[in-house]
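Student: Below are the chains, spelled out letter by letter.
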Amino acid sequence: MSGMSKIVKTISNIAFPFVMIYGLYIIAHGHLTPGGGFQGGAVVASACAMILVAYGSVWTMGKIKEKRLSILESVGAISFIVLAFLGIFIITEGVFFKNFLANTNLMFGTTVAFQSTAANINTAGVIPLMNFAVGLKVIAGLFAIVLVMAYATSKIKEGKTK
Amino acid sequence: MIYNIPFIAVAALILIGLYTVIFKRNLIKIVIGITLIESGVNLFLITLGFRKDSVAPIFTSNPDVSQTMSLPVPQALTLTSIVIGVAVLALMLSFIVYIYRHYKTLDVRKVVGGDDE
Amino acid sequence: MNDIISFISAHLPAFVVAVPLLGAFLTPLVSRIGDKSRNIFAIIITGLTSIFALLLANDVFTNGIRTYVFGGDYATGQTMVRILFEIDAMNAFMLIIAAILPFAAIVYSWGFMKEQTGLDKYYTLILLMTAGMLGMMMTGDMFNFFVFLEITSIASAALIAFWTNKGNAVAAAFKYIVISSIGALFVLFAIALYYGQYNALNMAVIADSIPVEMGFVDKIALVLLLAALAMKAAIAPMHMWLADAYGRAPSSVTVVLIGTTLASLYAGFRVIFTIHGNQLEQALNSWTIFGYEFSISLANMVGILLVALAVLSIFIGVFMALKQVDLKKMIAYTAVAEIGYMLLAVGAAIAVMGGDLEATAGYTALKGGIFHILNDALDIGLLFLVAGAVYYTAKQTSINKLGGLARNMKYTTVFFLIGLFAVSGLPPMNGFASKLMIYESTFQINPILSIVAILCSILLLAVFVKVFYSVFLGPKLPKFATAKEVPISMLIAMGIIACIIIFIGLFPDIVLQNVVTPAANALNDASSYIAAITGGI
Amino acid sequence: MALAEFFNSLINSLDTGSGFWNPLVWGFALLIVFLVIYILRGAGKTSYKKGTEQTKPFLSGNPETSKESMHVKGENVYWGFVKSMKFIYDRFEKMHNGNVSDYILWFVIIMGIFFLVLGVI
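Just so you know, the sequences run in chain order A, B, C and D.
The opening residue of the first sequence carries number 3 in this note's numbering; numbering runs sequentially from there.
The opening residue of the second sequence carries number 2 in this note's numbering; numbering runs sequentially from there.
The opening residue of the third sequence carries number 18 in this note's numbering; numbering runs sequentially from there.
The opening residue of the fourth sequence carries number 651 in this note's numbering; numbering runs sequentially from there.
These aren't lab readings, by the way, just hints derived from the structure by calculation.
Every residue, glycine too, gets a C-beta built ideally from N, C-alpha and C.
Errors might be hidden in some of the hints.
[What the hints assert, rightly or not] Chain B stretches covered by chain A per the calculated footprint, using a threshold of three residues with CB under 8 Å from any CB of chain A:
hint : stretch
1    : 24 to 31
2    : 51 to 62
[Stated by the list, open to error] Calculated lysine-lysine pairs in the DSS-like style (CA-CA distance at most 30 Å, straight line):
hint : chain 1 : residue 1 : chain 2 : residue 2
3    : A       : K11       : A       : K69
4    : C       : K412      : C       : K340
5    : D       : K700      : C       : K183
6    : C       : K340      : C       : K183
7    : A       : K67       : C       : K138
8    : C       : K427      : D       : K723
9    : C       : K493      : D       : K700
10   : B       : K111      : B       : K53
11   : D       : K699      : C       : K501
[Claimed, not checked] Here are some chain A residues the structure puts well away from chain B; computed CB gaps all over 10 Å:
hint : residue
12   : S7
13   : T12
14   : I23
15   : Y27
16   : P36
17   : A44
18   : I66
19   : I93
20   : A104
21   : L144
22   : V150
23   : M151
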């Protein structure tokens, strides 16, 4: 797939940071508002896909290696599993997936009163951290899928014209 | 009656999806049929969680917590199902890319995968 | 030291799934170090998983049902709403199968996949598939079961298409993913029906809340679950994907695929025996004909349906296997027939259910059917590994072009003979013990079933005698003059399974008493499965 | 103690409700049968002479072809059985056409049968 016209490239350049920030916002506020790792990750990955469409898969493939993305993806997955494992190891009487940070006044550990309070981002324990991990995995995974598929189809087309 | 419309839509989506999978010959259309079934099932899950005159189940900064809220659990289930659906869809489409490369056709009657000689 | 042991044994259910999951995602990083370290890493991970699974199974066999609540407080529980694993003796029995097969597959792939590329993805996916399979076998939550089902299908579909340079491998993978995604969606639909009715996703809670008089929605959910899981378990006439998938996947993958198929079969049994366990003996309908009152219970109906499908599976599997030219497809069709044997026995046990099961022939049938799950997994697994070894040496699996391989591959031939004896139910191998139980009990229930089973078993022997003759016997063909025995790792993998087969064959009673009978009792006893959750922890 | 119990349980025979199965007893019986057959065979008359016409294969008087071309291909084994069961195989071949839509059609049919049997009756 080759790139599109200059208008498309310019517009996607302008829109890219906004979409990106919106996606990261959804990931970061996953424990407060509807959304979370997957949804935000999908938004960020769609921003990357927009760049892919505008500039063409060959150009994007030259900028971002698919191997890097797969390592990023496994880092996200590993941090998710490790967070789950920490539930066993860090505290006594823990279980797998135990929320060991909640209500401890550590990171994301503010105790919330049981009523409808104003949103406080510093709550919910390991859930935001797991959202980050999932978000990382989804960004890398979805973008890798789109990238590889676009690259493969462009290869088929080249083979046909030759 | 009006509350039954989602369930009718669910039945229609699943039946249309099954029809597409069984009677359409293009592989891409078969994939579309599967996503239709998936949308039907997701719609069914979401509909199960709905309560009459309810609001979205967000507790944060809610001025009136005594309002009826729709059930959040089916929404979480739907979300998981959507995530899985994305993975399945991507996998199926990449298989189709490979199938087209080998067979030069997307007709389901020709993609039978016989013995290799 | 004692603390460590008690700590590990407290968290065994989590470790069994989490260790292969962690290993799967660590594999891409480890493979940067080198190929050898990646292989060793994969073997260590699956070995650890197997040890944990066997420890857990041992724990369940000695101490009874284990539950593990994720993320909850260890003491208080809140079990009703949380995701949990519940392992009773039947799950523990399935865990034994899941402990043996992936380990053999990973050891086998060291030699078998040596010359392939993209192996870090291969190991990632095979570990993911193992994790999904183990999760399917242990979970006590319906939706969690669906998630594990999908994880397993996605990973196995990607692995079936591992040899993407062959068109038919990709076509087989596409068929598999279509079949399994539609099956899983219908499972999800049934789960949604249960959730809408009973506000619960936990299997035990659902089973507890379904009224004895079955409603219409329960019937629809049961039908959807049974049909979808039967398709995933490759029961005729929905078995056609299996021949493609088993035949086209690399042999090491096929061995794990057997485990996933059997996990689906187990889930079907769980749905019948546990979730609908209270309604099984309830009369569905009754008629008065000539003054006599006939009534038919749900158990009769389900049992008759399953037995009909089982006879069809045995028949189609054996007949199609006899005609196949491709060695792996042939073994795949015999796998269909073997699944038919299990279903025949368990279906017959369900059909005669009512009152005290232990006093009837149905109890022997149930034990025989469950015993046959283990035996089938080992036998078919060994045969697929042998087929992979033949492919490794000869680079083809068409039996028309093979011949005289026994002159080059002594050990592989011995392993094939063991598999042949075991799968066709010849004494003294393990297949005979379970098939004898199936024959005897089904003869008491209905002699025709037993006759069909014995005749098809003879045909099964004929199929493998044909393979043995045309692949291994005969003069040394010129094109295989330089063929060598397969690498040592493949021989070790085949040897592990062959040793277990011979052990079960020589001492069947020890396995039957310690493993199979508790599993049959646990499957038959839905109330204690339910009480482990609803009775409060 | 536990070890002794384990070894004792090894020689237990499998109880199938109306019969039993013990591989060790079976192996012992097989050994005796083999011994008897071996003794009977030893009592027979030997008429085998090495290096004579007797040892050569006899193919209705035709000359013997090379060993490689005499190996029967796998497809030709049980040729007669497959031929006589053609009416079944034709139907099965039609079923196993490799078309994924038909697989799903079978699923829907079985689901319909299950529904009719369990839901309606």
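Student: Compare the structure with each hint and give your call.
Tutor: Right, here's what the structure says about each hint:
| no. | hint | verdict |
| --- | --- | --- |
| 1 | 24 to 31 | violated (count 0) |
| 2 | 51 to 62 | holds (count 5) |
| 3 | A:K11 to A:K69 | holds (26 Å) |
| 4 | C:K412 to C:K340 | holds (21 Å) |
| 5 | D:K700 to C:K183 | violated (53 Å) |
| 6 | C:K340 to C:K183 | holds (23 Å) |
| 7 | A:K67 to C:K138 | holds (16 Å) |
| 8 | C:K427 to D:K723 | holds (21 Å) |
| 9 | C:K493 to D:K700 | holds (25 Å) |
| 10 | B:K111 to B:K53 | violated (50 Å) |
| 11 | D:K699 to C:K501 | violated (37 Å) |
| 12 | S7 | holds (26 Å) |
| 13 | T12 | holds (30 Å) |
| 14 | I23 | holds (21 Å) |
| 15 | Y27 | holds (15 Å) |
| 16 | P36 | violated (7 Å) |
| 17 | A44 | violated (8 Å) |
| 18 | I66 | holds (18 Å) |
| 19 | I93 | holds (26 Å) |
| 20 | A104 | holds (16 Å) |
| 21 | L144 | violated (8 Å) |
| 22 | V150 | violated (8 Å) |
| 23 | M151 | violated (6 Å) |
Violated hints, in rising order: 1, 5, 10, 11, 16, 17, 21, 22, 23; the structure is consistent with all others.
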